[in-house]
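Let the hints inform the model, and build the full structure from the sequences given.
Next come the chains, spelled out residue by residue.
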Amino acid sequence: MKSPSSRRSVEVNVFRLVREPIDIRKIVESIQKPEDGAVVVFEGVVRDNSNEKPVRFLEYDAYESMALSKIEEIGSRAKSEFEIRDVAIVHRLGHMEVGECSTAIVVASAHRGPAFDACRFAIDTIKKIVPIWKKEFYQDGEVWIEGAH
Amino acid sequence: MSIRVLFFASLADIAGMRETTVDAAAVTDVNSVFDHFAHRFPALENYRSSVLFALNSEFARPRSSVRDGDEIAFFPPVSGG
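Those sequence lines, one after another, are chains A and B.
Residues 0 to 148, numbered by numbering that gives the first Met the number 0, are exactly what the first sequence covers, in order.
Residues 0 to 80, numbered by numbering that gives the first Met the number 0, are exactly what the second sequence covers, in order.
Keep in mind the hints are simulated off the structure, nothing from the lab.
Virtual Cβ for every residue (Gly too), placed ideally from N, Cα, C.
It cannot be assumed that every hint is accurate.
Stated by the list, open to error - A partial selection of chain B residues facing chain A, derived with a Cβ cut-off under 10 Å:
#1 Phe7
#2 Ala8
#3 Ser9
#4 Ala11
#5 Phe36
#6 Phe40
#7 Leu43
#8 Glu57
#9 Ser63
#10 Glu70
#11 Ala72
#12 Pro76
#13 Ser78
In structure tokens:
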């Protein structure tokens, strides 16, 4: 039987900023429970082009303390606004190659509908309010990408 | 008596630093802190209409008042995900 303190530490860890590759399987294993009928996984991955310009790699930077608190806020809003049981959100920072996963959202729920909806809500809100920025590196230079204001 | 000031992404490039301080007696609100640094780094003016402000890790308005010990961050619209 888990003690209350170890249970609490597991829950805190579902919202994370990391600098190493994201292991989706591990995240799913950490939140999935027998009562879940649906696990929806969203992965944001590094695309090899931006407005038809070839992209070599990306770097992500963040205002880490605020980014983590915003990710936690999005997680708790997802849990209160949708009929889901749990959600994990992990964003990677630093250097990433084409095809690598920059963001992972895993939603566990009894039924698929709310899980899809909550997952969509989480990624859309991350893109609006979490202070993280991506820099694209091309053959001939690099540019900070700025979101829609 | 100081306020911690953070810059991120393109704004950090313009300022040439990510972190500094400003004398709390020299500023009144978030906007006046931005003015202070826009005077020092004129290219920040290009961001005046799009810059986002955070005060102690929460989004803030230009008129939010600031005081000793606060942490202010300036950054462009976010592009994570």
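Verification of the hints:
1. Phe7: Nearest chain A Cβ about 6 Å off; hint holds.
2. Ala8: B:Ala8 check passes; min Cβ-Cβ to chain A is 4 Å, inside 10 Å.
3. Ser9: holds, 4 Å
4. Ala11: OK, holds: B:Ala11 within 10 Å of chain A, min 8 Å.
5. Phe36: Violated - the Cβ of B:Phe36 stays beyond 10 Å from chain A, reaching only about 16 Å at its closest.
6. Phe40: B:Phe40 check fails; min Cβ-Cβ to chain A is 16 Å, beyond 10 Å.
7. Leu43: Violated - the Cβ of B:Leu43 stays beyond 10 Å from chain A, reaching only about 14 Å at its closest.
8. Glu57: holds, 8 Å
9. Ser63: violated, 15 Å
10. Glu70: This interface hint holds because 9 Å falls under the 10 Å limit.
11. Ala72: holds, 6 Å
12. Pro76: This hint holds: B:Pro76 lies near chain A, its Cβ roughly 4 Å from the closest one there, short of 10 Å.
13. Ser78: holds, 4 Å
Hints 5, 6, 7, 9 from the earlier list are contradicted by this structure; the remaining hints agree with it.
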